[in-house]
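Visitor: Work out the full structure: start from the sequences and follow the hints.
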Amino acid sequence: MGGVTPASLAPILLVLGDEELLATRAVTEAVERVRSVEAEADVREYQAGALTVGEIAEMLSPSLFGGRRLLILRSGQDARKDLVAALLAYAKNPDPDVQLLVLHLGGAKGKAFADGLRAAGATVIPAAKLKGHRDRVAFVRDEIRRAGGKCTDDAAEALIAAVGNDLRELAAACSQLIADTDGRISAETVARYYRGRVEVTGFTVADATMVGDVPAALEALRWALHVGVDPVPIADALADGVRTVARVASAGRGNPYQLASSLGMPAWKIERAQRQGRGWTPEGLVRAMQVAAECNAAVKGGSDDRAYALERAVFSVVAARQGSGR
673 MGGVTPASLA
683 PILLVLGDEE
693 LLATRAVTEA
703 VERVRSVEAE
713 ADVREYQAGA
723 LTVGEIAEML
733 SPSLFGGRRL
743 LILRSGQDAR
753 KDLVAALLAY
763 AKNPDPDVQL
773 LVLHLGGAKG
783 KAFADGLRAA
793 GATVIPAAKL
803 KGHRDRVAFV
813 RDEIRRAGGK
823 CTDDAAEALI
833 AAVGNDLREL
843 AAACSQLIAD
853 TDGRISAETV
863 ARYYRGRVEV
873 TGFTVADATM
883 VGDVPAALEA
893 LRWALHVGVD
903 PVPIADALAD
913 GVRTVARVAS
923 AGRGNPYQLA
933 SSLGMPAWKI
943 ERAQRQGRGW
953 TPEGLVRAMQ
963 VAAECNAAVK
973 GGSDDRAYAL
983 ERAVFSVVAA
993 RQGSGR
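Residue numbers (the numbering used here): 673 to 998.
The hints are simulated quantities; they were obtained by calculation from the structure and are not laboratory data.
Worth double-checking, as some hints may not be accurate.
[Stated by the list, open to error] With a cut-off of at most 27 Å between alpha-carbon atoms, the simulated BS3-like pairs for lysine-lysine come out as follows: (1) K753 to K764; (2) K822 to K803; (3) K764 to K783; (4) K783 to K803; (5) K781 to K764; (6) K801 to K781; (7) K753 to K783; (8) K781 to K753; (9) K801 to K783; (10) K801 to K822; (11) K781 to K803.
Guide: Here's what the structure looks like:
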């Protein structure tokens with residue numbers, strides 16, 4: 673918090689978005705900054721939907737005893753029109769000893785309030801949920817950087833594969849990795865740390881591929897390779913997945929328990945293959961079997977890049993399922 677001066681405290685802060693972790697962090701940081709300027713600063717919280725204009729006037733009026741204040745207004749989207757008008761009027765000429773922080777979900781409700789604060793010069797702190805995979809990768813890298821460490825893109829990818837997409841869990845995992853390492857986080861670091869915590873096998877990759885879920889298949893494949901799963905059993909599992917769906921599909925519809933003896937495989941495997949077989953055509957399965965055979969040859973024949981051969985097979989099998997063919 674070094675370098676924080678009264679002049680560097682923005683008079684109006686607008687925390688915009690519905691990601692609880694980011695919003696909570698923005699509030700915590702605002703409190704830390706104001707208290708680094710004045711240790712005894714008065715911090716008060718209010719719910720926008722429960723405030724009246726009279727209370728707002730009292731809340732924003734100069735303090736009898738002086739001193740710096742931080743006023744936190746939660747659920748800004750719930751503020752009534754008269755309250756919004758009073759706050760926007762205040763925002764045009766704010767008290768230099770008062771910092772007003774408004775939390776707003778950022779949706780259509782109460783949009784005029786958020787737009788008005790922005791137009792009045794409020795400092796906007798984004799707190800929207802991260803929807804894209806690349807956004808989460810950037811979040812992980814920023815978390816590591818904030819803690820004084822360094823993190824590569826593939827390390828961030830590996831951490832997301834191991835921990836999942838929840839920001840709180842990702843933030844906690846970043847903090848733990850920094851505490852337990854020298855701060856230089858690579859994919860190998862993540863793999864070592866999480867080895868055994870996430871069981872990914874070739875069948876995980878095959879199952880996602882057979883239902884056409886490319887992101888899940890690639891995530892499982894990359895994580896499996898990160899934690900040291902040999903490419904050969906992954907290629908075998910993919911081939912087995914295609915063969916099993918083809919055999920079950922050729923047997924026609926039927927009760928898995930009745931088909932078990934004629935197909936020579938357990939009922940649960942038949943039931944899963946029936947689910948995975950939805951959306952496949954006979955031509956698609958023939959093409960997928962060719963792809964699986966080519967992948968096996970590349971992986972077992974000492975291809976220069978076995979990981980690439982497996983990734984290409986995932987895309988090609990899914991393309992066969994979608995009827996794209998070659």
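Visitor: Give a verdict on every hint.
Guide: Here is how each hint holds up against the structure:
1. K753 to K764: holds, 17 Å
2. K822 to K803: holds, 24 Å
3. K764 to K783: holds, 18 Å
4. K783 to K803: The hint holds at about 21 Å.
5. K781 to K764: At roughly 22 Å apart (the allowed maximum being 27 Å), K764 and K781 satisfy the hint.
6. K801 to K781: Given that 27 Å is the threshold and the Cα spacing comes to 17 Å, the pair holds.
7. K753 to K783: holds, 11 Å
8. K781 to K753: holds, 12 Å
9. K801 to K783: holds, 17 Å
10. K801 to K822: This hinted pair holds, its Cα atoms lying about 24 Å apart.
11. K781 to K803: holds, 20 Å
Of the numbered hints stated above, none is contradicted by the structure.
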